[in-house]
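S.K.: Protein chains in written order, with my numbering: chain L, 47 to 398; chain F, 1180 to 1590; chain Z, 191 to 473; chain P, 402 to 836.
What the hints contain is simulated information worked out from the structure, not anything from laboratory work. All C-beta atoms, glycine included, are put in the ideal place defined by N, C-alpha and C. Any given hint could be a false lead.
Said to hold, decoys possible - In silico lysine-lysine, DSBU-like type, Cα no more than 30 Å apart, as pairs:
| no. | chain 1 | residue 1 | chain 2 | residue 2 |
| --- | --- | --- | --- | --- |
| 1 | Z | Lys320 | Z | Lys357 |
| 2 | Z | Lys320 | Z | Lys387 |
| 3 | P | Lys533 | L | Lys108 |
| 4 | Z | Lys387 | P | Lys431 |
| 5 | P | Lys431 | F | Lys1488 |
| 6 | P | Lys533 | P | Lys516 |
| 7 | P | Lys431 | Z | Lys320 |
| 8 | P | Lys486 | L | Lys108 |
| 9 | F | Lys1489 | Z | Lys387 |
| 10 | F | Lys1489 | P | Lys561 |
| 11 | F | Lys1489 | Z | Lys357 |
| 12 | L | Lys174 | P | Lys561 |
| 13 | L | Lys108 | L | Lys184 |
| 14 | Z | Lys320 | F | Lys1488 |
| 15 | Z | Lys387 | F | Lys1488 |
| 16 | Z | Lys238 | F | Lys1489 |
Claimed, not checked - Computed footprint of chain F on chain L, listed as stretches where at least three residues anywhere in the stretch have a Cβ under 8 Å from a Cβ of chain F:
| no. | stretch |
| --- | --- |
| 17 | 203 to 209 |
| 18 | 227 to 234 |
| 19 | 310 to 321 |
To be verified - Examples of chain F residues toward chain P, derived with CB under 8 Å:
| no. | residue |
| --- | --- |
| 20 | Arg1201 |
| 21 | Ile1307 |
| 22 | Val1331 |
| 23 | Phe1334 |
| 24 | Val1451 |
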Amino acid sequence: MTSIRPIRTFRAIALASVLPLTLLLAPIDAAARDQIRIVGSSTVFPFSTTVAERFGRTTAFKTPIVESTGSGGGLKLFCAGPGDDTPDIANASRRIKRSEVELCARNGVRDIVEVRIGFDGIVVARSKVNPVLPLTRKQLFLALARRVPVAGGMVENPNRTWKEVDPGLPDREIEVLGPPPTSGTRDAFVELAMEGGAKQIPMLATLAKQDKKAFKTAAHAIREDGAYIEAGENDNLIVQKLEANPNAFGIFGFSFLNQNVDRIEASPIDGVEPTFENIAAGRYPISRSLYFYLKKSHVGRVPGLREYIAEFTSERAVGPDGYLADKGLIPLPEADRRTVRKAASALEPLHL
Amino acid sequence: MFLLAALSLAGMTVLAFHVGRRRALSKAGGRWGSLRSLPTQYGYFVALWTALPASIAALAWGTLGQRALPWAAENGLDARIPGLVLLLSTACAGLAWAAAKVEPSFPARESTERIIRILLFLSSGVAILTTIGIVLSLLFEALRFFALVSPVEFFTGLSWSPQTSLRSDQVGSSGAFGAVPVFTGTLLITLVAMSVSIPIGLLAAIYLGEYASPRVRSVVKPLLEILAGVPTVVYGFFAALSVAPMIRRFGESVGLDVSSESALAAGLVMGVMIIPFISSLSDDAIAAVPRAMRDGSLALGATRSETVKKVLLPAALPGIVGAILMAVSRAIGETMIVVMAAGLAARLTANPLSAVTTVTAQIVTLLIGDQEFDSAKTLAAFALGLTLLVLTLGINLIALETVRRFREQYE
Amino acid sequence: MTRSVEPSAPPTADPHEEEPNGARATTTVGEPRARVRAIGLNVFYGEKQALFGIDLAIPPNQVTALIGPSGCGKSTFLRCVNRMNDVIPTCRTTGRIELDGADLNSPSIDVVQLRAEVGMVFQRPNPFPKSIYDNVAYGPRIHGLAETRAELDDIVMGSLERAGLLKEVEDRLTEPGTSLSGGQQQRLCIARAIAVKPRVILMDEPCSALDPIATARIEELIDELRESYTIIMVTHSMQQAARISQRTAFFHLGRIIEEGETEQIFTDPHEERTQDYITGRFG
Amino acid sequence: MSSAGASDLRATALTGRARRRLARRHRAEKRFRAYGFGAIAIALGILMLLFASIVIGGWGAFFRSEATLEIRFDAERIDPDGLRKPDVLATGDYGGLVRDALERLFPDVAGRRAKRALRRLMSRGAAYDLQKRVLDNPALIGQSASIPLPLSDEADLYVKGRISPDLPETERTLSDRQIAWLDALRERGRIHTGFNPGFFSSGDSREPELAGIGGALVGSLMTLFVALILCFPLGVAAAVYLEELAPETRWTRLVEVNINNLAAVPSVIFGVLGLAIFLGTFGLPRSAPLVGGLVLSLRTLPIIIIASRASLAAVPPSIRSAAMAIGASPIQVVAHHVVPNALPGILTGTIIGMAQALGETAPLLMIGMVAFVVDIPTGITDPATVLPVQIYLWADSPERAFVEKTAGAIIVLLAFLVSMNGTAVWLRQRFEKRT
């Protein structure tokens, strides 16, 4: 035991054990917040962070902190209360729910400002190895719905191959990698593609007129027998899995298609290709709006909030030639942009 | 500011140590013999009484006084100053009180040791506090979930499909919350992982312990341990992008229908991650078998492998079983690999070639999803977490009990 | 290549090839019949030499006691006879050691077979964590000495009987070997060793961990076993050596100082150092 | 050499059956040995495969390409009113300077689209770089200088050879024209690829060519520091209490079961705990290394306690008896003799626990550390992120160039891990040599 001197070691240990006690002091240091805090959707995250970074670099304000928590988790934090320890902004890939607004109000978060920032197209894509396969929403519905109409009744989806869905399609097994039920992307896909497809089937179309609820139950359920594979929220991973598995289709956001044009190719839906122009013009059927929500009460308390909104709604950010377009955000029509900009700068509260 | 506070407290503690020691010496008139304890022990006594109350005060201020921060900010005050003052004055008071107690007849060592004993005892209680904290932070939300979904459905339902609606104007699909497929998925992946890691880990441990030269051992063992340290995110990519396609191609070449996200891929990679847990812990267990056992067997003319199989492994069994159970709970708790490679489809199947999901993967996706935060969907995560906690507790109790029984038998 | 007797000689894969005294292997003619014979045996642990040119002949069916102060190389010598030194990676042997004329360090020697021929009993009893029966049956099982269960039973019972343990454990054969007392455990280990029917039994201070009563029983047993086995025993107890051995070798600093009939060594040693040791003046 | 016959021990006694049996046993032995070797070969092979694939993919992250441009610091664009006020200088149109310089290099480029395509060759960071230069030295205004400025992520990938010009134009993110411009710049010797110090020193960025792991690295170190100074003393104290002082009671058994159970609780649940207790009850700030460290210390505590107990138990009882016999109190025995002797083992366990904490992602998801943080944190209550989270975030970014950055960050993380494991090994070997 020559290399360790017990007594000295003991003193070192004694001193080391004082150290954690000093940690208790750390909260003393927590001063009032001087930077914007943003939480929410992972879909809005790339755009929100781009604006935040630019805002931080070109103004005297600190760069906002943006967290990727998912829309629901973000709104939960947002609605937790009006204090400085809650976020100022929540990003969402869907509109806020009435029940969420009510909950916010119960917690003292009253004046919420809604800002719509643009569109996100949802694409159905496949590896470039195969030729482009145009699809219709009806075909998507028949391939992915849990129950489909056969001979006047609804049965568990019997279609194993695309050919069974539509004789014009190739004789390949149906395999689609898509978002899980917890995802806003899935939600939008179901509402726009599946519901749209269902409406083209006469039997369901009549049902839609008679019993809206029953129709939606039929239209929104996605099959769970393995043809539709719930892959995680990581769209990059889906893209790479498509490369490894050329027969599978993937469902994900437009910006990932944009960055991987050398590897994957999107199917035109109802004859419309998911291009920047088509989505912006509203021609592509599966696209949704992206939002962020802001606490009016924090404006003036947290430095830079007003300026951040101004930057986010400015033409150089969300315009057709703006830097967010480079990142894959599809701009709103010009009139909408103007309305949004005006409402946002006036901090008009949300009315559902 | 924090640094200033920490440094001043540390400084005061060191100062208190010297004050206590000097004071004891001067009271004793330089004659150590008249002191009941060593001078340094008086030092420790005073130092303890300086640092301890001050830290408790700081904690109290940090958690309670912090709430005063916004108020202070609005009134143009720096709320940190009173905290610092509180800290230093408590420290001074403690120092003064303890220093006054320093007398040659004062049993400083006993006094200090009593405090240290209490501190050590409290440290051991942190584990219990943590468990209580975990249970509490899961329980309430889990109860809210069970108010929405009956526990009978949760524990016995064979269909997991949290497809409830995201918005009120939508209609949810099945919205089934039967957790059985989620747990069987976990079981399946764990089984695959174990069937990789147990043979490889155990054989590696045996080779390193019984055959490899010390040089090889000293290089290979730490290399193996790196496998356990690689972040699971990295493994997730490896599983999803390298292993899964490989299995799929292989499966297609022999005419099997393999899902592109298979339990097999996730399980194999998880198994690789777990190898070092098994190999390191079993290596220790085998090395702990007395040398005399090994020599006794060899001296009877047993070959090394016979010695290993017939003497060492049975003797090391409790340790190995413990290692395996620890690895099992690690596999059950693993999240990222599954999220990336096994998919999220909850299917009741025993086929490792199909996509399954696990409890942890569901917890993560439920918690960070886009759905509304007051739905059964989000709350389900807490119910799953609580069930998982109870489950691992059960495994551990069994493990401890098994190990104890084996020990009794062999000691 | 005759340098190999020097401590600094490089380890050789095939030590007996460079055996400098190889010629003496043929000089066994005329000497008394020996079961184990060492000729110029050197053992090194790394750079350190533990045995220096040991020459020793051990006759069959006798108890040979190896005595000497701690660290003198007795146990090292013992472990050469069943090549247990192979377990130590740094250990290396030159010179010759024979069992019934067969060179034990020859590469053609199968260590596993050798150890079946040369049993060993250790300082501390080391029963396996198995039942009493399985402990004794271990050797016969691995060497395939019994074809049927009945044969195995015979071997086990016979060995326990010979080790004088059968009466004590007859009705508890399935209990773990570790449940026995120290002396019983040691006799179990002896039973385990003789179950393989070895020619030689090595004993490394077999009684040092036992109380006097258990020691007496073991000594009795050793004396009985002498009839059928050649026993080499390391001991620290002069009395024990005097009581039960027929021949004694005195080791000191890795060399044999003196070797011969026990009676002669203890009553009329030729060497002064032997005299000093057995009378307790050093050691 | 002895005769062949002499080498066979029981030449006459060994029957053919026994001989075959012996041969079979030796074959079994060889087989078993081969299995063991194979197991290690498989494990190490996978490790190598993993490392090789990461290093090949991520090596490029340590380099970046720059183009040297003739920048004219035009007062019109930066400081129209000529007052040299810093807040005016900060908002100047530095992107315009870069654009001007490019257009001077390629005067025949006309049309809005073409000019935009040309501008997109340069990183947005070029403007930030010029802004910093001017703020540091306002005298530059009105001057000209030739300055190396970063290329955009896609141009960088092309220069590094990761985008093939042979692909059809529609299948790559760079157009034929952009590639022609880059080739022209290269011919004129204006493009250099060199070590990218920014990768280690900068914080996160949405532009792959500007993004660095500096912030995450500092965040990781702070988080680990907090976790270490908490769980090391606590872990050792708990281990000492349980192993040395505590009587065998229900309480100690309860604690023991608890510790073993905590070691197995999924780490994501610790995140839930941190959210409820540290953020909810104690009101600590979100995304702070302080909270991350607290959560990770609870996660690592069981590992350290288990390792410390094992190494305390390995201290020979004779040392305790010896100290006890000269009249040391139990606490003194522990403090002066047992703990110092067990220290190497304790430290090894601590390092391994820390290495695991270093790689954790899931619990930090819950306490807000999965965040975009540009500023490098300066204290443990500043918002920060950690390396594995940075990897997780980059892996989810659409830009292709982040693939390389992700692998680069993984290399750094693995390097940390390997060096921590190395330290543990070194300690262990020192310890083994001593005893």
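S.K.: Hints numbered earlier in the text: which of these fail when held up against the supplied structure?
M.R.: Violated hints (numbers, rising): 10, 13, 16, 17, 19, 20, 22, 23; every other hint is consistent with the structure.
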